[in-house]
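If you want the building blocks of each chain, they are given just below.
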Amino acid sequence: MKIKNINKIFYTFIFILLFLLPISGNFYYINLFTEIIIISLLVMSLNILIGYTGMISLGHAVFLGLGAYTSALVMKDIYPSIMLGIFSAAIISSLYAFTVGIFCVRVSGLYFAMITLAFSQAIYTITYYWTSLTGGDDGMIGIPRPDLNILGIYNFSLESLENYYYFSLIVVSSLFYVMKKILDSPFGTVLQAIRENPERVQFLGISVFRYKLGAFVLSGFFAGIAGGLFAPFQGFISPELIYWTRSGEIILMTILGGMNSFIGPGIGAGILILLKDNILNYTEYWRIFLGSILIFFVLFMPGGFVGFLSEKFNEIFKIKK
Amino acid sequence: MTDASYLLSQFLNGLTIGMILLLIASGLTMLLGVLTILNFAHGAFYMLGAYLLYSIFVSKMFSWFWIALIIIPIFIAFISGFLEIFLLRPLYKRERLYTLLLTFGLAMVFDDLVLIIWGRDFLSVEVPKILSGTISLGDTSYPIYFLFIIVLGPVVSLILWYLLYKTKFGKLIRAASNDVEMLEALGINVKWVFTGVFALGASLSCLGGLLVAPFRSIVPGMGLEIFIESFIVVVIGGLGSFGGAIIGALLIGQLEAFGILIIPNFSMIFMYLILLLVLIFKPSGLFGEKTI
Numbered sequence: 031m032k033i034k035n036i037n038k039i040f041y042t043f044i045f046i047l048l049f050l051l052p053i054s055g056n057f058y059y060i061n062l063f064t065e066i067i068i069i070s071l072l073v074m075s076l077n078i079l080i081g082y083t084g085m086i087s088l089g090h091a092v093f094l095g096l097g098a099y100t101s102a103l104v105m106k107d108i109y110p111s112i113m114l115g116i117f118s119a120a121i122i123s124s125l126y127a128f129t130v131g132i133f134c135v136r137v138s139g140l141y142f143a144m145i146t147l148a149f150s151q152a153i154y155t156i157t158y159y160w161t162s163l164t165g166g167d168d169g170m171i172g173i174p175r176p177d178l179n180i181l182g183i184y185n186f187s188l189e190s191l192e193n194y195y196y197f198s199l200i201v202v203s204s205l206f207y208v209m210k211k212i213l214d215s216p217f218g219t220v221l222q223a224i225r226e227n228p229e230r231v232q233f234l235g236i237s238v239f240r241y242k243l244g245a246f247v248l249s250g251f252f253a254g255i256a257g258g259l260f261a262p263f264q265g266f267i268s269p270e271l272i273y274w275t276r277s278g279e280i281i282l283m284t285i286l287g288g289m290n291s292f293i294g295p296g297i298g299a300g301i302l303i304l305l306k307d308n309i310l311n312y313t314e315y316w317r318i319f320l321g322s323i324l325i326f327f328v329l330f331m332p333g334g335f336v337g338f339l340s341e342k343f344n345e346i347f348k349i350k351k
Numbered sequence: 247m248t249d250a251s252y253l254l255s256q257f258l259n260g261l262t263i264g265m266i267l268l269l270i271a272s273g274l275t276m277l278l279g280v281l282t283i284l285n286f287a288h289g290a291f292y293m294l295g296a297y298l299l300y301s302i303f304v305s306k307m308f309s310w311f312w313i314a315l316i317i318i319p320i321f322i323a324f325i326s327g328f329l330e331i332f333l334l335r336p337l338y339k340r341e342r343l344y345t346l347l348l349t350f351g352l353a354m355v356f357d358d359l360v361l362i363i364w365g366r367d368f369l370s371v372e373v374p375k376i377l378s379g380t381i382s383l384g385d386t387s388y389p390i391y392f393l394f395i396i397v398l399g400p401v402v403s404l405i406l407w408y409l410l411y412k413t414k415f416g417k418l419i420r421a422a423s424n425d426v427e428m429l430e431a432l433g434i435n436v437k438w439v440f441t442g443v444f445a446l447g448a449s450l451s452c453l454g455g456l457l458v459a460p461f462r463s464i465v466p467g468m469g470l471e472i473f474i475e476s477f478i479v480v481v482i483g484g485l486g487s488f489g490g491a492i493i494g495a496l497l498i499g500q501l502e503a504f505g506i507l508i509i510p511n512f513s514m515i516f517m518y519l520i521l522l523l524v525l526i527f528k529p530s531g532l533f534g535e536k537t538i
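From first to last, the protein sequence lines stand for chains A and B.
Every position in the first sequence, counted from 1, becomes a number in our numbering once 30 is added.
Every position in the second sequence, counted from 1, becomes a number in our numbering once 246 is added.
FYI, nobody ran anything at the bench for these hints, they're computed from the structure.
Owing to the predicted nature of the structure, the values given are computational and were not obtained by experimental measurement.
It cannot be assumed that every hint is accurate.
As the list claims (entries may be wrong) - Each computed SDA-like pair below joins lysine to any residue, with the alpha-carbon atoms no more than 25 angstroms apart: (1) A:Lys342 <-> B:Tyr344; (2) B:Lys528 <-> A:Tyr126; (3) B:Lys339 <-> A:Arg240; (4) B:Lys339 <-> A:Gly333; (5) B:Lys339 <-> A:Ile323; (6) A:Lys306 <-> B:Lys528; (7) B:Lys339 <-> A:Tyr126; (8) A:Lys306 <-> B:Lys339; (9) B:Lys528 <-> A:Arg240; (10) B:Lys339 <-> A:Pro228; (11) A:Lys306 <-> B:Pro466; (12) B:Lys528 <-> A:Thr129; (13) B:Lys528 <-> A:Ile236.
As the list claims (entries may be wrong) - Pulled from the structure, derived: some chain B residues nowhere near chain A, Cβ distances all over 12 angstroms: (14) Asp249; (15) Phe350; (16) Leu406; (17) Ala421; (18) Met428; (19) Val465; (20) Leu496; (21) Phe512; (22) Tyr518.
Backbone N, C-alpha and C define an ideal beta-carbon position, used for all residues, glycine too.
This is chain A alone, in the form it adopts within the complex:
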């Protein structure tokens, strides 16, 4: 069997499982999985940078924050439409990615990592102090969850948790499809070539700068949508969304799932959110666990769970790529 077919079956299987989840009627899990679905979009958008292009961004939470604040502000103050909120989140986030990317993408390696972190901390500080717009430390509460209007004919209410779950699932899985198509295209191949050897790509006459910038904007676009979905889901947002530990979490999810695979980071998101939820039941100091897990994975399982499993899987079934 070819690995491509196995992947297809696997994705379909996961989708069906997730689609059937609300039937269980367990609100605790529906709530948790809505978060997992939204955050996995964010984590996979980061993987475009880390896994595909080899650019380690340490400030990815900034897109989540920008998207969330944009959609919240648009829906509260301009027009209550969920699609408009998400759309403007994506636009603002991509615009930010483009402007900042022009500077960040010039450098690589550690420099890129730190500069993305520096920018995200700058945005965090601005969000924190610009009280009149963002509500400062208190954040924003009462973010509406307006009905989804389908072609002006039918209103799909998103008030109930189940409906918002389905809405997120549909939006995120169709975006996954788009992302997969983009990354399987020649554009994605060039990105992977840049990861392996940027000089050689440059010698081939391909502008590394443009492709890296493209990857950065694309990543910002998807991450902004994740933010736009997140704000109405949670109902309140605070600058904590942009804080550096949040970026750390997202990276940890990527590592945990395995950055060399497409779906890995999404699974990492699932594992970490479930884990975090369990740890938080016992202690508020969960970052110490998070940090230790990160250290453990870096030292002993750098390929992540999916990398580890697929290695074993390939050994057992002797699958050739």
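Keeping the supplied structure of chain A fixed, place chain B upon it in accordance with the hints.
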């Protein structure tokens, strides 16, 4: 208060901030130049320095600021040495991404450890008695403690310069930043040079935290703040360049002191502006030769 003396005291404030930044940035730039790693936990040692000083003062074991000034950095040097040996050493053969992530994890662990041990409240430490007075500058008074830091900064830099350029250990460090493989081929145990540099950088960062404790509030999260600032210093000065770190630290110090006068809450904007300008016109930094 006249304008001139106000500006002078603001200038001295900037110099104080610059000296503290210099202590942290010089360790960071050494790690980047020699080990080619970015140590995310570098700010954590700064934070630990401040908290340990607080604990020593509270416990009343001894209230000698001067002893603490020596003992705590040595203690941190040992701790960081152990961390380097057990956690970082296995990773030097792999991609640099992994060391970055590992120190990122380390920073998280330290942040929570501080919360668990010392709690969430703002803490403060008194200025040591000998240094607690003020001195008159024209028609304004200025704390002696700040002047002490302004004097101490260059002294520490001189010691560091002597260590780097006049001793055998310094020669090894500089050689390692040039060509690690060659150094290994000559039969030098590079691993221990790395451990030494890591411990030295950590204790410098810790010293910075100690010095800051009497005049800034001690809060969890102070490590990351200083880490970002000192990284900007390093980028502006040029990676691995000691002279660049000095210029960068003094520049950022002044920018912080005078930026507050222009836009109070958003003064860090200037820092990012300078960073942007340097990245656009000279990505390798003012004194750097190589770009990563």
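Hint check:
Between lysine 342 (chain A) and tyrosine 344 (chain B) the alpha-carbon distance is near 23 angstroms, which keeps this suggested pair within the 25 angstroms criterion. Of the pairs offered as hints, the one joining lysine 528 (chain B) and tyrosine 126 (chain A) holds, with about 23 angstroms between alpha carbons and a cut-off of 25 angstroms not exceeded. As the CA atoms of lysine 339 (chain B) and arginine 240 (chain A) are separated by approximately 31 angstroms, the hinted pair breaks the 25 angstroms bound. A C-alpha spacing of about 16 angstroms is found between lysine 339 (chain B) and glycine 333 (chain A), which places the hinted pair at or below 25 angstroms, so the restraint holds.
About 21 angstroms separates the Cα atoms of lysine 339 (chain B) and isoleucine 323 (chain A), which keeps this hinted pair within 25 angstroms; it holds. Under the criterion of a C-alpha separation no larger than 25 angstroms, the hint pairing lysine 306 (chain A) with lysine 528 (chain B) is inconsistent with the structure, at around 43 angstroms. At most 25 angstroms may separate the alpha-carbon atoms for a hinted pair to count; lysine 339 (chain B) and tyrosine 126 (chain A) exceed this at roughly 36 angstroms. Taken as a hint, the lysine 306 (chain A) and lysine 339 (chain B) pair is broken in the structure, with Cα atoms around 32 angstroms apart against an allowance of 25 angstroms.
Between lysine 528 (chain B) and arginine 240 (chain A) the alpha-carbon distance is near 20 angstroms, which keeps this suggested pair within the 25 angstroms criterion. A hinted pair counts as satisfied when its Cα atoms are at most 25 angstroms apart, and lysine 339 (chain B) with proline 228 (chain A) qualifies at roughly 21 angstroms. Annotation: proposed proximity of lysine 306 (chain A) to proline 466 (chain B) holds, straight-line Cα distance about 21 angstroms (limit 25 angstroms). For the hint linking lysine 528 (chain B) to threonine 129 (chain A), the alpha-carbon distance of about 19 angstroms falls within 25 angstroms, and the restraint holds.
For the given pair, lysine 528 (chain B) sits about 23 angstroms from isoleucine 236 (chain A) by alpha-carbon distance, which is consistent with the 25 angstroms threshold. Look at aspartate 249 (chain B): its CB is around 28 angstroms from the nearest CB on chain A, clear of 12 angstroms, so calling it non-interface holds up. With a minimum CB-CB distance of about 6 angstroms to chain A, phenylalanine 350 (chain B) fails to clear the 12 angstroms threshold, and the non-interface call is violated. Separation of leucine 406 (chain B) from chain A is adequate, the least Cβ-Cβ distance of about 22 angstroms exceeding the 12 angstroms criterion.
The claim that alanine 421 (chain B) is not at the interface with chain A holds, since no C-beta of that chain comes within 12 angstroms of its own (minimum 22 angstroms). Methionine 428 (chain B), annotated as away from the interface, keeps every beta carbon of chain A farther than 12 angstroms; the closest lies near 23 angstroms. Every beta carbon of chain A lies more than 12 angstroms from that of valine 465 (chain B), the smallest distance being close to 14 angstroms; the non-interface claim holds. The beta carbon of leucine 496 (chain B) is kept farther than 12 angstroms from every beta carbon of chain A, the shortest such distance being approximately 19 angstroms.
Not every CB of chain A lies more than 12 angstroms from the CB of phenylalanine 512 (chain B), the least distance being 7 angstroms, so the non-interface label is violated. At roughly 5 angstroms from the closest C-beta of chain A, the C-beta of tyrosine 518 (chain B) falls inside 12 angstroms, breaking its exclusion from the interface.
When the structure is compared with the earlier hints, violations turn up for hints 3, 6, 7, 8, 15, 21, 22 and for no others.
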